[in-house]
Amino acid sequence: GNSVTQMEGPVTLSEEAFLTINCTYTATGYPSLFWYVQYPGEGLQLLLKATKADDKGSNKGFEATYRKETTSFHLEKGSVQVSDSAVYFCALSETYNQGGKLIFGQGTELSVKP
Amino acid sequence: DAGVTQSPTHLIKTRGQQVTLRCSPKSGHDTVSWYQQALGQGPQFIFQYYEEEERQRGNFPDRFSGHQFPNYSSELNVNALLLGDSALYLCASSLRQGAAFFGQGTRLTVV
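Taken in sequence, the protein lines are chains A and B.
Our numbering numbers the first residue of the first sequence as 46 and each following residue consecutively.
Our numbering numbers the first residue of the second sequence as 9 and each following residue consecutively.
Check each hint, because a few of them may be wrong.
[To be verified] Partial pick of chain A residues on the chain B-facing surface, computed with a CB cut under 7 Å:
id: 1; residue: L58
id: 2; residue: A62
id: 3; residue: Y84
id: 4; residue: P85
id: 5; residue: E87
id: 6; residue: G88
id: 7; residue: L91
id: 8; residue: F107
id: 9; residue: N142
id: 10; residue: K146
id: 11; residue: G150
id: 12; residue: Q151
id: 13; residue: K158
Bear in mind the hints are in silico, worked out from the structure with no lab data behind them.
Note that CB positions come from ideal geometry on N, CA and C, so glycine has one too.
Sequences and hints are given; from them, build the entire structure.
Below, the structure written as structure tokens:
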């Protein structure tokens, strides 16, 4: 079945460091891919998305490119801030319906130190 | 513009009891999905409602049921609660095939 695998956390970085969180997926068809962020005690917020191969999603300095050849959607940010500390989830939608059933990875906790 | 709102925020129930969680979708959204998030895990899809009907269902037992009302709001019902049902329950809304927006969740503790 469809699945999403993320790098294990926690990831601890110093402020202004470069961030990469790896995400790979297994899916049939043409899924859409998402990154969601969860701050402590809160629900999930959509960070960025990409709906087809080679699309790049970006938001708030974060970027991820939909790579069909490597089935990956790695999250990157050039310079992290303390306020970026949160849990990041990679997800895919099983069909063209972006609001349909989402398959999530296990989450990667990011901790940014001043 | 209010986002997705869920109630209550926290709830404590005893094994064997029944619980109802509520969700109001983001303004203009017509589709509601429910997810269960165990501690330290990613959310797991329970089911989705559109036009007051269950459209998709994840791998959850029949103890989990739901409803969508004409104003698009939704309820999640869980019967015969087990300790393992303790989790954060997330509601997400979307408009047709657009991306899902999540609420803050309801933290359910079963004792």
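Determine which of the earlier numbered hints do not hold for this structure and return their numbers in increasing order.
1, 2, 3, 4, 8 and 13
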